[in-house]
Amino acid sequence: MEQENTRDKDFYWKLFKSTFLISTFTVGGGYVIVPLLKAKFVDEYHWLDDKETLTLVSVAQSAPGVVAVNAAIIMGYKMAGLRGAFCATFATVLPPLITLTIISYFYSFFASNHYMQIVLKGMQCGATALIIQVMYDLLKKQWSKKVAFPIMITLGTFIANYFFNFNMMYIVLVDALIGLFLLQDKKYE
Amino acid sequence: MIYWELFISFCWVGVFCVGGGYASVPLIQHQVIELHHWLTMPEFLDIFAISQMTPGPIGINAATFVGTKVAGIGGAITATVGFVLPSFIIMIILAKLLARYGDLGAIRGILNGLRPAVIGLIASAGVMFFTLAIWNTQKIPTNLASTDLAGLLVLAAAFIAVRKKIFGVIQTLIAAWLLNLLLSFIIK
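Residue numbers (my numbering), protein chains in the order written: chain A, 55 to 243; chain B, 938 to 1125.
Hints are not guaranteed to be accurate.
Unchecked claim - If you want the footprint, here are the derived chain B segments under chain A, 3+ residues with CB under 8 Å:
1. 947-953
2. 1052-1065
3. 1107-1120
To be verified - Here are the simulated DMTMM-like pairs of lysine to aspartate or glutamate, each with C-alpha atoms no more than 20 Å apart in a straight line:
4. 194(A) - 98(A)
5. 241(A) - 983(B)
6. 1102(B) - 103(A)
7. 1101(B) - 98(A)
8. 1102(B) - 97(A)
9. 1102(B) - 191(A)
10. 71(A) - 97(A)
11. 1102(B) - 104(A)
12. 1101(B) - 191(A)
13. 68(A) - 103(A)
14. 1033(B) - 103(A)
15. 1101(B) - 97(A)
16. 1033(B) - 106(A)
17. 195(A) - 64(A)
18. 1102(B) - 98(A)
19. 105(A) - 1040(B)
20. 240(A) - 1040(B)
Think of the hints as simulated: they come from the structure by calculation, not from any bench. Backbone N, C-alpha and C define an ideal beta-carbon position, used for all residues, glycine too.
If we strip away everything but chain A, and leave its shape as in the complex, we get:
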């Protein structure tokens, strides 16, 4: 995991810039940033592959803290060691820090301004399109492998989270246990 510690300046600048912009345009908090980082790092820059990314997000998901920040930390670390982790974390945290500091002074203006609402709406639509693209891509690849168990886990997790609103922690725990006891075989990778 530490083989990639020697990255050039250009890499860090790209990493910082893209993470910063994604974090800036990701409205609504939480899980949204995960597919956006995936779209950028995996599909556009090819710094990571699908499987690595899903593994890293699994770990980010299971640890304390905010998933968005955890995911940025561990992806940054995987790509460029401690410096990468630091760079990605800083870039993720900076936009909300700046926006919120400004907004905390102008809250009432912000909450009622018509154009502000339109601007936010536009960002939301763009982010949604990207999430759907990542989702479509991952589901298609998974389906094409034709292995029943992982497909059932994806479906079950979706239903538990979307329709039943189960606590994320329990969902993750159940999926981890299913994996531990039933999915150790190579064919489930």
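Based on the hints, put chain B in the right spot on chain A.
Same frame as chain A, but now just chain B:
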């Protein structure tokens, strides 16, 4: 010292906030309202409203908001660093463990169980965001008359642009933002 208190408070939230999303809310409420009286309940509820429409996870937003309120920009930075630091340490340790023990059968099994789960969670976020953008609800829309046609158009255009690789990730976000602004002048 107020900075130290902010730092420790949000460190504590960072360590015990397990389960993602809004899991941090009761913890922050405990620290910020009940323990330290830094905010009142209505002020605390404002943070939610703001978090719904600004970038960033609610934990970071709350840290910034509380920090600014209590000790200005220095306070915002202190609280945010406090909140992120435990995550940083834990993630680096986990990444190192993963590199060393990732090949063990048990760990492989767990990860094989979790990877498809992540796909399911991404799908769940995707559907929620879709209905939120078009019908302004996170659940299955019941009132189809409230469909936001401009939003639907922007979304479709953005999707095609990404799918056909016309735009990259950042360009798509900015283009969607501009197109929606443009449409808002045309469709009233």
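Query raised in the report: Given the proposed pairing of residue 1102(B) with residue 97(A), does the C-alpha separation stay at or below 20 Å?
Result: Roughly 10 Å between the alpha carbons, so the hint for residue 1102(B) and residue 97(A) holds.
Query raised in the report: Straight-line Cα separation of residue 1101(B) and residue 98(A) no greater than 20 Å?
Result: 13 Å, holds
Query raised in the report: Is the Cα-Cα distance between residue 241(A) and residue 983(B) 20 Å or less?
Result: At roughly 49 Å apart (the allowed maximum being 20 Å), residue 983(B) and residue 241(A) break the hint.
Query raised in the report: Is the straight-line distance between the alpha-carbon of residue 1102(B) and that of residue 98(A) 20 Å or less?
Result: 9 Å, holds
Requested in this report: Mind checking the alpha carbons of residue 1033(B) and residue 103(A) for me, to see if they're no more than 20 Å apart?
Outcome: Between residue 1033(B) and residue 103(A) the Cα gap is close to 19 Å, so the pair holds against 20 Å.
Query raised in the report: Are the Cα positions of residue 105(A) and residue 1040(B) separated by 20 Å at most?
Result: 14 Å, holds
Query - Within 8 Å of chain A's CB atoms, at least three CB atoms from the segment 947-953 of chain B: coverage verdict - result: That given contact holds, which follows from 3 residues of the segment 947-953 of chain B lying within Cβ reach (below 8 Å) of chain A.
Query - Agreement of residue 1102(B) and residue 103(A) with the hint, judged by alpha carbon distance not exceeding 20 Å - result: 18 Å, holds
Query - 20 Å Cα cutoff - pair residue 240(A), residue 1040(B) - result: At roughly 11 Å apart (the allowed maximum being 20 Å), residue 1040(B) and residue 240(A) satisfy the hint.
Query raised in the report: Does residue 191(A) lie within 20 Å of residue 1102(B) when you go C-alpha to C-alpha?
Result: 13 Å, holds
Report task. Assess, step by step, whether the Cα of residue 195(A) is no farther than 20 Å from the Cα of residue 64(A), and give holds or violated. Result -> 32 Å, violated
Requested in this report: For the pair we were handed, residue 1101(B) and residue 191(A), check the Cα-Cα distance against 20 Å.
Outcome: Holds, at roughly 13 Å.
Checked against the numbered hints above, the structure breaks hints 5 and 17 and satisfies the rest.
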